[in-house]
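Novice: Each chain is listed here by its residues.
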Amino acid sequence: NAGVTQTPKFQVLKTGQSMTLQCAQDMNHEYMSWYRQDPGMGLRLIHYSVGAGITDQGEVPNGYNVSRSTTEDFPLRLLSAAPSQTSVYFCASSPPPGGAEYGYTFGSGTRLTVV
Amino acid sequence: GNSVTQMEGPVTLSEEAFLTINCTYTATGYPSLFWYVQYPGEGLQLLLKATKADDKGSNKGFEATYRKETTSFHLEKGSVQVSDSAVYFCALVYGGATNKLIFGTGTLLAVQP
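If you're matching them up, the sequences are chains A and B in order. Residue numbering for the first sequence follows this note's numbering, starting at 1 and increasing by one per position. Residue numbering for the second sequence follows this note's numbering, starting at 1001 and increasing by one per position.
Only chain A is shown next, with the shape it has when bound in the complex:
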């Protein structure tokens, strides 16, 4: 099925460990982004990309890295996990000319716990 696929769905990390959250879309969307969802704070933008090879920081980028080598994939890397990064992470994508007309398509999320 076409859409945004996130893996894994659940993950437990120890403080200081690193990991990569995977995100892939098969809709040829140029715009992709990562959000974290925390209770009482809605969704906050971590990083986003307007096309392959182009990324930029969102509202809460510290502790996270991204790259966009292909149109389809937009992985999110945690270099040294901290308990403050315990959250639910959502990847989203949108076709050109962007979310203003079509909104975004979201993945089903990754629930990350850092102990």
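Among these hints, one or two may not hold up.
As a list, the in silico DSSO-like pairs of lysine-lysine whose alpha-carbon atoms are at most 30 Å apart [stated by the list, open to error]:
# : chain 1 : residue 1 : chain 2 : residue 2
1 : B       : Lys1100   : B       : Lys1060
2 : B       : Lys1077   : B       : Lys1052
3 : A       : Lys9      : B       : Lys1060
4 : A       : Lys9      : B       : Lys1100
5 : B       : Lys1052   : B       : Lys1100
6 : B       : Lys1056   : B       : Lys1100
Bear in mind the hints are in silico, worked out from the structure with no lab data behind them. Remember, it's a predicted structure, so these values are computed and weren't measured experimentally.
Please arrange chain B on chain A, whose structure you already have, making use of the hints.
Specialist: Chain B alone, transformed into the frame defined by chain A:
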């Protein structure tokens, strides 16, 4: 800066009651406005949208009108069902090429039979 403010929940209603969830925004220019819904354990789904002033978005019995004069985009439904129980997020997109999506904090709706 650009932001979205929506009413705090939870909102608890009986089945067939009328629903209003308030949403106001602050933005430069003319953003596009959205309502997203998140059912328990799932990701976000686009519920409806409006891209210019006075537009009315509608879907599944839900409606919202883009009111530029009051900078509002309130969500309404005439008769809610138990299956409408979810978290509802108001959001806006601004920024031209960057198209950043800015969310409100979400409102939990619980519908009782």
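Novice: Now tell me, hint by hint, if it's right for this structure.
Specialist: Verification of the hints:
no.: 1; hint: B:Lys1100 / B:Lys1060; result: holds, 26 Å
no.: 2; hint: B:Lys1077 / B:Lys1052; result: holds, 21 Å
no.: 3; hint: A:Lys9 / B:Lys1060; result: holds, 28 Å
no.: 4; hint: A:Lys9 / B:Lys1100; result: holds, 25 Å
no.: 5; hint: B:Lys1052 / B:Lys1100; result: holds, 17 Å
no.: 6; hint: B:Lys1056 / B:Lys1100; result: holds, 22 Å
Hint violations for this structure: none, all hints satisfied.
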